[in-house]
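Sequences listed follow chains A and B, in order. Count along the first sequence from 1, then add 28; that gives the number in the working numbering. Count along the second sequence from 1, then add 1115; that gives the number in the working numbering.
Please note that the accuracy of each hint is not assured.
With a straight-line Cα cutoff of 27 Å, these simulated DSS-like cross-link-like pairs (lysine-lysine) come out [stated by the list, open to error]: (1) B:Lys1483 to B:Lys1551; (2) B:Lys1555 to A:Lys185; (3) A:Lys185 to A:Lys49; (4) A:Lys49 to A:Lys184; (5) B:Lys1221 to B:Lys1564; (6) B:Lys1483 to B:Lys1221; (7) A:Lys619 to A:Lys635; (8) B:Lys1551 to A:Lys185; (9) A:Lys184 to A:Lys479; (10) B:Lys1221 to B:Lys1555; (11) A:Lys184 to B:Lys1516; (12) B:Lys1483 to A:Lys185; (13) A:Lys479 to A:Lys185; (14) A:Lys577 to A:Lys564; (15) A:Lys566 to A:Lys478; (16) A:Lys483 to A:Lys389; (17) A:Lys602 to A:Lys185; (18) A:Lys602 to A:Lys615; (19) A:Lys529 to A:Lys245; (20) A:Lys91 to B:Lys1516; (21) A:Lys478 to A:Lys402; (22) A:Lys566 to A:Lys483; (23) B:Lys1516 to A:Lys245; (24) B:Lys1555 to A:Lys49; (25) A:Lys91 to B:Lys1593; (26) A:Lys577 to A:Lys566; (27) A:Lys184 to B:Lys1551; (28) A:Lys185 to A:Lys403; (29) A:Lys49 to B:Lys1564.
For the record, the hints were derived by calculation from the structure and aren't laboratory data. Computed from a predicted structure; not experimentally measured.
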Amino acid sequence: MEIALLFLPLIASITSGFLGKFLGDRNSEIITSVFVSISAILSLVLFYSVIVNGYESNVVVAKWINSGTLDVNWSIKVDALSSLMLVVVTLVSALVHIYSIGYMSHDPHKPRFMAYLSLFTFSMLTLVTSDNFLQLFFGWEGVGLCSYFLIGFWFKKDSANAAAIKAFVVNRVGDFGFALGIFLIFYLFGTVNYSDVFNQIPQIVDKNLSFLGFDVKAVDLICILLFIGAMGKSAQIFLHTWLPDAMEGPTPVSALIHAATMVTAGVFLVVRCSPIFEYSPLTLNLITVVGMTTAFFAATVALVQTDIKKIIAYSTCSQLGYMFFAAGVGAYNVAMFHLFTHAFFKALLFLGSGSVIHSFKDEQDINQMGGVYKKLPYTYIFMIIGTLALTGFPFLSGFYSKDAIIEFAYLKGNTTGYYAAGVGILTAVLTSIYSWRLIFKTFHGEYNNKKIDIKEIHESPLIMLLPLFVLAIGAIFVGFLFRDLFIGHGEDNIFWGNSIKFLNPLSTEHPPLWLLLTTPVLVLISIPIAYYLFVKEKSVPYQIVQSNKPMYNFLINKWYFDELYEVLFIQSSKKIGLFFWKVIDVKIIDKFGPDGVSLLIKNLSLKASKFQSGFIYQYAFMILLGFSALLTFLILN
Amino acid sequence: MNFPILSSLILLPLIGSLFLLFSKDKNSNTGKYVALFTSFVNFLISLYLWYQFDPTTSSFQFVEDREWLKGFVNYKVGVDGISILFIVLTSLITPLCIISVNNTVKYRLRDFLIAILIMECLMIGVFCSLDLVIFYLFFEAGLIPMFLIIGIWGGTRRVYSAFKFFLYTLLGSVLMLIAIISIYWISGTTDITQLYEIGIDTKYQNLLWLAFFSSFAVKTPMWPVHTWLPDAHVEAPTAGSVLLAAILLKMAGYGFIRFSLGLFPVASELFTPLVYVLSLIAIVYTSLVALMQEEMKKLIAYSSVAHMGFVTLGIFTITQQGIEGSIVQMISHGLVSAALFLCVGVVYDRMHSRLIATYGGLVSVMPKYSILFMLFTLAALGLPGTSGFIGEFLILTGAFKDNFLVAVIASLGVIFGAAYMLWLYRRVVFGEVINKDLLKMPDLDNSEKFILWCLAIPVLFFGFYPEPIINTIEISVKDLIEMYNFNLNMYMPEVIN
Chain A
29 MEIALLFLPL
39 IASITSGFLG
49 KFLGDRNSEI
59 ITSVFVSISA
69 ILSLVLFYSV
79 IVNGYESNVV
89 VAKWINSGTL
99 DVNWSIKVDA
109 LSSLMLVVVT
119 LVSALVHIYS
129 IGYMSHDPHK
139 PRFMAYLSLF
149 TFSMLTLVTS
159 DNFLQLFFGW
169 EGVGLCSYFL
179 IGFWFKKDSA
189 NAAAIKAFVV
199 NRVGDFGFAL
209 GIFLIFYLFG
219 TVNYSDVFNQ
229 IPQIVDKNLS
239 FLGFDVKAVD
249 LICILLFIGA
259 MGKSAQIFLH
269 TWLPDAMEGP
279 TPVSALIHAA
289 TMVTAGVFLV
299 VRCSPIFEYS
309 PLTLNLITVV
319 GMTTAFFAAT
329 VALVQTDIKK
339 IIAYSTCSQL
349 GYMFFAAGVG
359 AYNVAMFHLF
369 THAFFKALLF
379 LGSGSVIHSF
389 KDEQDINQMG
399 GVYKKLPYTY
409 IFMIIGTLAL
419 TGFPFLSGFY
429 SKDAIIEFAY
439 LKGNTTGYYA
449 AGVGILTAVL
459 TSIYSWRLIF
469 KTFHGEYNNK
479 KIDIKEIHES
489 PLIMLLPLFV
499 LAIGAIFVGF
509 LFRDLFIGHG
519 EDNIFWGNSI
529 KFLNPLSTEH
539 PPLWLLLTTP
549 VLVLISIPIA
559 YYLFVKEKSV
569 PYQIVQSNKP
579 MYNFLINKWY
589 FDELYEVLFI
599 QSSKKIGLFF
609 WKVIDVKIID
619 KFGPDGVSLL
629 IKNLSLKASK
639 FQSGFIYQYA
649 FMILLGFSAL
659 LTFLILN
Chain B
1116 MNFPILSSLI
1126 LLPLIGSLFL
1136 LFSKDKNSNT
1146 GKYVALFTSF
1156 VNFLISLYLW
1166 YQFDPTTSSF
1176 QFVEDREWLK
1186 GFVNYKVGVD
1196 GISILFIVLT
1206 SLITPLCIIS
1216 VNNTVKYRLR
1226 DFLIAILIME
1236 CLMIGVFCSL
1246 DLVIFYLFFE
1256 AGLIPMFLII
1266 GIWGGTRRVY
1276 SAFKFFLYTL
1286 LGSVLMLIAI
1296 ISIYWISGTT
1306 DITQLYEIGI
1316 DTKYQNLLWL
1326 AFFSSFAVKT
1336 PMWPVHTWLP
1346 DAHVEAPTAG
1356 SVLLAAILLK
1366 MAGYGFIRFS
1376 LGLFPVASEL
1386 FTPLVYVLSL
1396 IAIVYTSLVA
1406 LMQEEMKKLI
1416 AYSSVAHMGF
1426 VTLGIFTITQ
1436 QGIEGSIVQM
1446 ISHGLVSAAL
1456 FLCVGVVYDR
1466 MHSRLIATYG
1476 GLVSVMPKYS
1486 ILFMLFTLAA
1496 LGLPGTSGFI
1506 GEFLILTGAF
1516 KDNFLVAVIA
1526 SLGVIFGAAY
1536 MLWLYRRVVF
1546 GEVINKDLLK
1556 MPDLDNSEKF
1566 ILWCLAIPVL
1576 FFGFYPEPII
1586 NTIEISVKDL
1596 IEMYNFNLNM
1606 YMPEVIN
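With the rest of the complex left out, here is chain B (with noise of 0.2 Å):
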C-alpha cells in the first residue's frame, strides 16, 4: 500500500519520454517501441489500480501527500470512484495514440511521441490531484503539448487552429486561477478533502462557480464557446483528435463533477437551469449542425458536443442515475470518439481527404474496416447493447426525475443522432464506388484492426454488462450527492423543502 501507484503512473510516462529526448535517431522505430513499452506498462499499472481499488468506500485512496511549497500547497494524489475510471481510459487510450502514429506522423516521430507521453503524464495528473494548486498546474500545462501537436503535425490550417485552441482555453483557465487563488484566501487551504469538509463560504460561491465553470465551458465544450473544437478536430493529427475527443474534454465533466458539485452546491443549485439550457441548445443545436457537414471529422467532432451535451446535463440533474449515467457516458464517449477519430484516419491516411463525397462504396474495397466503423456508428448513436445507450439512459431518467420538459428535448438528440450517423455511413460506406481511386485502398492492416478492437471490446461488454463501471462509481456518486444535499440544507434549506 506504501508503494506510490499513482505518481509511478504519472511519473512513468515523463521518464519515458526523457529516454526518448535524449535518444538520437529521430524517426526510428525503437522510439515508438520504447514508448508503446512504457505506457504499455502503465496500462497494466492502472488495470491492477482498479482491481486493487476498493469500490464500498467513497474516500479517496493510495493517498500520497507530500509537501512541495512550505505550508501552501502540498503534492497531493488520491483516486475515489469518479476519477479512478479516466486513469484507466487513458492509460488504455495512450498506448493505442502510439500504435497509430504507424501511418500518420510523416516527420520528428520522436518529438510527436514525446508530446504523447507528456499529454499522458498530465491526464493522469489532472485525474488524481486531490489540491486544486497541482490541479490547476496539470489542467493548463496540458495545454502545450496539444497545442504543439496540433501546431506542428496538423493539417493546412494548423497554426489558426493550434491558436483558435488555445486562446479560448487559456481565456476560460485564467479565471479559474484567480478563483482558486481566492478560494485560499477565503478558505485557508486548497487541499480538496479539507474543502470538502469545510465548505466553502456561500457569499462567495456563485463568482467563484462561474470562474471554474468558464473554464470547464470551454473545455467540455458547451455551447457557445465550441467551435473551437470542430476547428481543432480536423487540423489535428489522427492521434492528437483521439486526445483530444477521448480524454482532454473528459477532463472538463469530471471538473463540474468534483468541483462544481463538491466545493459550490448553493451555487450549482442557483445555476442549473444554465446549465441546461446550454446543454439542451448544445444536442439540439450541434447536432442539426453535424448533419450538414461535409467533412468527417468535422461532423464527429459536433457530434462529440452534442455528447458532451449530454454529459454535462446528466451532471447537473444531481441525481444517481444522471451523475453515473454521465461518467458511464464520459468513458464510453472516450472509446467510440477515439474510434471514430482512428476510423477516419484510417481512410485519410490512404486517400488524404476527409470530404465525405469522396468515399462511397467503401463496404466492398474494404468489408472489414466497414464492420468496425459500423459498430463504432452503431455505438455513437446509443444502440441498446452498446456502453452509448448505457449512458444516454441514464442521464435521460435522471434528467426526467428532475425536468420533465428538459428530457423531452433531450431526447430529440437521440433522433438526430440516428440521423447524422447513419447518413454519415451511409454516405462512406455504401452505394456504388464512384471514385475509382478507392478500389485501391488496402484494407485494415493487423494495427489498425488491433487497435479498434482494442476499443470495441469494451464498447460492447460494457453495453452488455456495465456493473463493473457502475459498481466502481457507485458509492462515490451516492456519497457526493449525499453530501451535495448535506450542504445545500445548511445553507439554504428552502431549496430543499
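Pulled out of the complex, with its shape left as it was, chain A reads as follows (with noise of 0.2 Å):
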C-alpha cells in the first residue's frame, strides 16, 4: 500500500509529462487527479489506521548509495508524523490538481502542469517517508527543483523566470547548510540513518568540535546546520526573499507549493529531529526568536502590500514564523498542528484568491477590485471562512492551533518564552486586519476596475468551487476534530508514539483565562476597525500613510532585504566574477603566463637573430672579442 501511495503520483506525472500529447488535455488532467486523488485516499486509511492501531511500518524499496560506511536505502517509513504529512501532502494536492483543470483551462501546456503537479507530490511524499537524512534531501531538492518548474511555468515571462532562479538558489543557501549538516551527521554518527542517528545523540551530547577556532558543542553545531536548511524552505527571515517572488507561477501552484506543503518542510524537518533538537537548548531558542521575528516581520510587510497573492504569501511567511515558536518552545505536536489547519485554511484562502483573479481576468492587484461579493457569492463565503480561520475566530480551525502555540509559549516559563507569546499576541492582531483589509478592499465597497465592465465579472466554474468547499469544511472543523489527538493534555495521548521526542515533559498546566481570552477578543476587535479603516473611512489609512511616510516606505519596500541582498551578495558576485576573469585570468595569469613567455621568447630571439647580420667584419669582430675574453680569464686564473 505504501509503495502504491508513493509511486501513484509518479506514474501520473510520467504519463502525463510524456504521453500527454496522446492523451490529450483532458485525459492527462484525469489521469493525474486521479491517480492523486487514489494517493490521497490511501493515505487517509494509513493515517486511520496508524490513529486506531498506531500502525508503523518501514519499508526498503532498495539500495541507493553504499559507499565505505555510508549505506543508504530508498525507504519508506510511516510513523505518526509522517502519516500526517502524508495525509495534508496528497489531500490538498489532489484538491489543487481538480482546481487546476478548472484555472489552467486557458492554458496551451496542460499536461506539462499536470505532470509538474504531480512529480511535485512524488517529491514531497519521498521526503516525508524518508528514514534517512539523504532520501530527505533528495526529496528536498526534488520539491525544490519542481517549484522551480512552476513558479516559472510562464516561461516568458522574465519576472516569472527571475523568481524561479532565485527561489531555487535562495533555497540552495539553505541546501548548503542543511547538507553541513547532514556531512557533520555522518562525521560524528557513521550513518545518516534516523534511528541510528537519534540512537547515539545522548552520547555525543557533551562532544565539543572546534570549529573555525571557536569551540562549539556538536550538538548544537547539527542543530544550527539543519535549521538553516529549514530556514530556506520554510522561507524565514533573511531567506525568505524567495516566497513573495514566487507567486509569479500560477496560484494553484501557490496554494500547494507556497502554502501547504514545501514551505512547511522546514517545519517537518524541525519535528522530525527533534530528538536532535532537544538536546540543544541554544538552537532551540533561536528557532523561536527567528520563527517570531519572522511572524512579526511578515505581518507588519503584509499590512501594506496590494497584491493580493503576495499578502497571503506574507501571511504564509508569519504562519510558519508562528509553527517555527512552537517548535522552538518545544512544542512539536503544535507546530504540527498548526502546519496541519494552516494547510486547510491557507489553501482555501490561496485557491480562493485564486478563483478572484480568474473571474478579474489575472488581475491581482486588490486597488483594482472592490464590491464583487454579489457577483462572486461563493468564492466571498469561502474567503471568509479562510479569513476567519487564519486570523483564529473563535471555535474555526486556527482559533485552536494558533491559541495553542501562544499559550505554549506564555507555559514555557522562560524569558524567549514570554517574549514569544507577547509578539505571538501583536502578530495575531497584525494578521486580523491584514486579512479582513484584503476581504474588505476585495470584496466590498465600490468598484474600481476601469478595464472589465463589472457585468463581466461571474463566479468560477463548479470544478473550482468544490474543491474550495472541501477545504472550507476542512477549515472550519480539522481544528475542533484533530485537538485532542495532536494536542491533548492526557495521559493517555499515544498518537505521537515515538515519532517525537520530548525530552521533558510539556507543561499540562492550564494557562491563566486572561491569555486565554486576550488573543480572541482582540481579533473580533480588529474586524469592525478592519472594515471602518477600509470600507467606511479610506481617508484614514491614506492620513496615517501619509504622517508616517518613512515607515510605510520601509514597509511596501519589504524591509529592504531585496535591496540589501542586491548589493551585498547579487552584485558584488558579479564584480568579483568580473574581477578574477578580466583581470587576474586574462591580465595576470595570461600575460605572464603563455602569452608573456611566448612574447619573451620571440623579442629575444629577434634579438639574436641580429648578431646573424650576414657582414663577415661583424663576425669577424665578435670572434676577437671572445678570444680576447677568454683569454683574460685564463690568464686572470
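Hints in hand, dock the two standalone chains.
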C-alpha cells in the first residue's frame, strides 16, 4: 500500500509528461487527478490505522548509495508524523489537481502543468517518508526543483524566470547549511539513518568541536546547520525573499507548494529531528527568536501590500514563523497541529484568491477590485471562512492551533517564551487586520476596475468551487476534531508514539484565563476596526500613510531586504567574477604566463637574430671579442 | 582469458583509422560508417570487459606483459577498479562523437575521423598502461591529435588556442618525463606493480611528486594553469570539446590517484594542503568567473574547472568516500560535460553563434532540445537523482571527515553552480523569442536525439542507482587507501599517530 501511495503520483507525472501529447489535455488531467486522489485516499486509510492501531512500518524499496560505511536506502517510513504529512500533502494535492482543471483551462500547456504537479507530489512524499537524511535531502531538492519549474511555468515572463531562479538559489543557500549538517551527522555517527542517529545522540551531547577556532558543542552545530536548511525552505527571515516572488507561478501552485506543503518541510524537518533538537537549548531559543521575528516581520509587510497573492504569501511566511516558534519552545506537536490546520485554511485562501483572479482575468491588485461580493458569492463565503480560520476566530481551526502556540510559549516560562507569546499576540492582531483588509478591499466598497466591466465578473466553474468547499469544511472543523488527538494533555495521548521526542514532558498546566481570552478578543475587535478603516473611512489609512511616510516606505519595500541582497551578494558576486576573469585570468595569468613567455622568447630570438647580419667584419669582430675575453679569463686564473 | 582484450581495445581504433587512411574518398559517408563501426565494436568489447571484470579483488586483471625494449621497458597493460570505468567511458563517448560530426565537420571529414580514432586508441592506452614509460607515451601522444583537431577544424582563433594548449601541456609533461627517468634510475624499474611493492625512497618523493603534479595540474586543469581550457574549448569543434572535457581532463584525475597517491604517499601527505587550497580556489574562483561569461562554451569550460576542483579535492582527502566520489564525479562529469558541449553544438550548428545573447526563448522553438538541456543543466548543478549529486556528495562527505573548513568552502561552490547553470539556461531557453532568426531553427534531429539520450540515460540511472559504479571501484579504492596508509606508517609514523 505504501508503495502504491508513493508511486502513483510518479506514474501519473510520467504518463502526463511524456504521453500528454497522445493522451490529450483532458485525459492527462483526469489521469493525474485520479491517481493523486487514490493516493490521498490511501493516505487517509493509513492515517486512520495509525490513529487507531498505532500502525508503523518501514519499507525498504532499494539500495541507493553504499560507499564505505555510508549505507543509504530508498525507503518508505510510516509513523504518526509522516502519516500526518501524507494526509496533508496528498489531500491538498488532489484538490489542487482538480482545481487546476478549471483554473488552467485557457493554458496551452496543461499536460506539462499536471505532470509538474504530480512530480512535486511524488518528491514531497519521498521527503516525508524518508528514513534517512539523504533521501530527505533528495525529496528536499526534488520539491525545490518542481517549485522552480512551476514558478517559471509561464516561461515567457521575465519576472517569472527571475523568480524561479531566485527561489532555487536562495533555497540552495539553505541547502548549503542542510548539506553540511548531513556531513557533520555522518562524520559523528557514521550513518545518516534517523533511528541510528537518534539513538546515538545522548552519547555525544557533551562532545565539543572546534569550528573556525571556536569551541562549539557538536549537537548545537548539527542543529544550527539543519535549521539553516529549514529556514531556506520555510522562508524564514533572511532567507524569505524568494517566497513573495514565487507568486509569479500559477495560483494553484502557490496553494499547493507555497502554502500547504513544500514550505512546511522546514517545520517538518525540525519536528522530525526533535530527538536532536531537544538536546540543544541554544538552537531551540534561536528557532523561537527567528520564528517570532519572521511572524512579526511578515505580518507588518502584509499590511501594506496591494497584490492579493503577495499578501497571502507574507501571511504564509508569518504563519510559518508561528510554527517555528512553537517548535522552538518545545511544543513540536502544536507546531504540527498548526501546520495541519494551516494547510487547509491557507490553501483555501489561495485557491479562493485564485478564483477571484480568474474572475478578474488575471488582475491581482486589490486596488483594482472591490464591491463584488454579490458577483462572487461562493468565493466570497469561502474566503471569509478562510480568513476567519486564519485569524483565529473562536472555534474555527486556526483558533485552536494558533492560540495553543501562544499558550505553550507562555507556559514555557522563560524570557524567550514570554517574549514570544507577546509577539504572538501582537502578530495575531496584525494578521487579523491585514486579512480583513484583503477581504474588504476585494469584495466590499466600490468597484474600482476600469478595464473590466462589472457585468463581466462571474463566479468560477464548479470544478474550482468543489475543492474550495472541501477545504472550507476542513478549515472549519479540523481544529476542533483533531485538537485532543494532536495536542491533548491526557496521559493516554499516545498518537505521536516515538515520532516526536520530548526530553521534558510538556507543561500540562492551564494558562491563566486572561491569556486565553486576550487573543480572541483582540482578533474580534479588529474586524470592525478593519471595516471602518478600509470600507467606511478610507481617508484614515491614507492619512496614516501620509504622516508616516518613512515607515510606510520601509514596509512597502519589505524592509529593503531585496535591495540589500542585490548590493551585498548579487552585484558583488558579479563584480568579483568580472575581476577574476578580466583582471586575474587575462591580465595576470595569461599575460605573465603563456602569452608573456611566448612574447619574451620572440623578442629574445629577434635580438639574437640580429647577430646573424651576414657581414663578415661583424663576425670577425665578435670572434676577436670572444677570444680576448677567454684569454683574459685564463690569464687571471 | 588469454585473449588480449585490452590490446584489442587499443588497436582496434588504430586499425579502423588505417582503413580510413587508405580510402580514397575524403568526404564520403562510408568513412564515417567505418569509424562508427570500429568504435561501436570497441564499446561492446569494453562492456564485455566490464562484465568479465571481477570487482572482489584489487589486483590488476586482463594483464598482458610483453617485452618491448629488452631489459628496460615492457609493454604491460591491465585494469583494476580504478581504471576500468574510464575505458568504458572513453569507448562510449567516441562513437557518439563520430555520430555528431554529421553537422559539425564540413571539410576533411576523413582526416577528422582518423584523428578521433587515434585519440581513442591513445586514451584507452593511458588508462590501462601498467608501465610508466608506456603511460607517458600514450599520455603525451594524445596531445598531437587534439592539437590537430583544434588547429585544423577549430574556430577563428584556433591557432592561438592550439598552441596555448600545446605549450601548457607540454611544459608540464617534460617534467614528468624527467621524473619517470629518475624513477628508473632510483628503483631500477618502471613497472607500476613492482613499484607499488618496493616503494620509492622517501627522500626523492617530494621532487618526483612535484614533477608529476606539474603535468597533471595542467591537464586537470587546476588554478592557476587553467586558462588554456576555455580558449581550447571555444575554438575546438564540438567533437573536440567533447573529447577534451569528457576524457582528456580525466586522465589527470586518474593520474593523481594511480601515481601521486600510489607511488608517492609521503609526498602526497605533505602536499595535501597545497592541493586543497588550489582546489578550493578552482571551485570558488572559476564558479564566479563562469557566472559572468557571455559565451556558452566558455561558461561550460569554466564550470569544468570548478567540477575538476571537486575531483582533486576528493582524491586528496584519502578517504573511501572522497576517492570514490572523485571517480564517480569524473565519470559523471564525462557524461554531463560531453552532453552540455553537444547541446551547445546543436544550436551552434543552426545559428553559428556561441554568444548567450543570441539566444532566448528556445523552449518555444525546440521543446525536445529544451528538455534534454534542462536535464544536463540539473546534473551539472548536482541535483539529487542525477549522477552529479552522487559524486559531489561523496566528495564533500570525504572532505568533511578530513577538514571541516575545506568542506564548508567547497560547499559554497554548490550554490554558485546552481546560479550560473540556471542563469545560462534561463537566458538561452526561457523568455520571449527576440531574435527572429531563431524561429527557423528545427528541433533535434534523430541523430542528435540519439546521442543526447545515450548520455542522459546513464546520468539518470547512476543518479538513482550508482551501485554498479561504486561496486566496481570499491575494493580497489579500499586497498589503495590501505597501501597508502601502510606506506605512510612505515616512512613517517608520526603523521598517522
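The hints, checked one at a time:
Note on B:Lys1483 and B:Lys1551: the hinted pairing holds, with a Cα-Cα distance of about 19 Å set against a maximum of 27 Å. Of the supplied pair hints, the one linking B:Lys1555 and A:Lys185 holds, its CA atoms being roughly 22 Å apart against a limit of 27 Å. Distance restraint check for A:Lys185 and A:Lys49: the Cα-Cα separation of roughly 24 Å lies within the 27 Å cut-off, and the hinted pair is therefore satisfied. In summary, the hint linking A:Lys49 to A:Lys184 is supported, as the alpha carbons are separated by about 21 Å, within the 27 Å threshold.
Restraint check for B:Lys1221 and B:Lys1564: satisfied, since their Cα atoms lie roughly 21 Å apart, inside the 27 Å limit. For a cut-off of 27 Å, the pair hint linking B:Lys1483 to B:Lys1221 stands: about 25 Å separates their Cα positions. Restraint check for A:Lys619 and A:Lys635: the C-alpha separation of about 21 Å stays at or below 27 Å, so the hint holds. Only pairs whose Cα atoms come within 27 Å are accepted, and B:Lys1551 paired with A:Lys185 is accepted, the gap being roughly 18 Å.
Our distance criterion of 27 Å between C-alpha atoms is met by A:Lys184 and A:Lys479, whose separation comes to about 24 Å. Only pairs whose Cα atoms come within 27 Å are accepted, and B:Lys1221 paired with B:Lys1555 is accepted, the gap being roughly 21 Å. At most 27 Å may separate the alpha-carbon atoms for a hinted pair to count; A:Lys184 and B:Lys1516 exceed this at roughly 45 Å. The suggested pairing of B:Lys1483 with A:Lys185 holds, with an alpha-carbon distance near 20 Å, which does not exceed 27 Å.
Among the hinted pairs, A:Lys479 with A:Lys185 is consistent with the structure: their alpha-carbon atoms are about 22 Å apart, no more than 27 Å. Among the hinted pairs, A:Lys577 with A:Lys564 is consistent with the structure: their alpha-carbon atoms are about 23 Å apart, no more than 27 Å. Only pairs whose Cα atoms come within 27 Å are accepted, and A:Lys566 paired with A:Lys478 is accepted, the gap being roughly 19 Å. Restraint check: the Cα-Cα separation between A:Lys483 and A:Lys389 comes to about 13 Å, which is no more than 27 Å; the hinted pair holds.
Distance check on the hinted pair: A:Lys602 and A:Lys185 sit about 23 Å apart at the alpha-carbon level, within 27 Å; holds. Taking the CA atoms of A:Lys602 and A:Lys615, the gap is near 18 Å; set against the 27 Å cutoff, the hint holds. This hinted pair checks out: A:Lys529 and A:Lys245 have alpha carbons roughly 20 Å apart, not beyond 27 Å. A threshold of 27 Å between alpha carbons decides the hint, and for A:Lys91 with B:Lys1516 the separation of about 23 Å falls inside it, so the pair holds.
Note on A:Lys478 and A:Lys402: the hinted pairing holds, with a Cα-Cα distance of about 19 Å set against a maximum of 27 Å. Between A:Lys566 and A:Lys483 the alpha-carbon distance is near 25 Å, which keeps this suggested pair within the 27 Å criterion. This hinted pair checks out: B:Lys1516 and A:Lys245 have alpha carbons roughly 17 Å apart, not beyond 27 Å. Proximity of B:Lys1555 to A:Lys49 is assessed by CA-CA distance (about 23 Å); at most 27 Å being required, the pair is judged to hold.
In summary, the hint linking A:Lys91 to B:Lys1593 is supported, as the alpha carbons are separated by about 20 Å, within the 27 Å threshold. Between A:Lys577 and A:Lys566, the direct Cα distance comes to roughly 17 Å. Compliance with the 27 Å bound is thereby established for this hinted pair. With a CA separation close to 15 Å, the supplied pair A:Lys184 and B:Lys1551 stays within the 27 Å bound. For the given pair, A:Lys185 sits about 30 Å from A:Lys403 by alpha-carbon distance, which is inconsistent with the 27 Å threshold.
Between A:Lys49 and B:Lys1564, the direct Cα distance comes to roughly 18 Å. Compliance with the 27 Å bound is thereby established for this hinted pair.
When the structure is compared with the earlier hints, violations turn up for hints 11, 28 and for no others.
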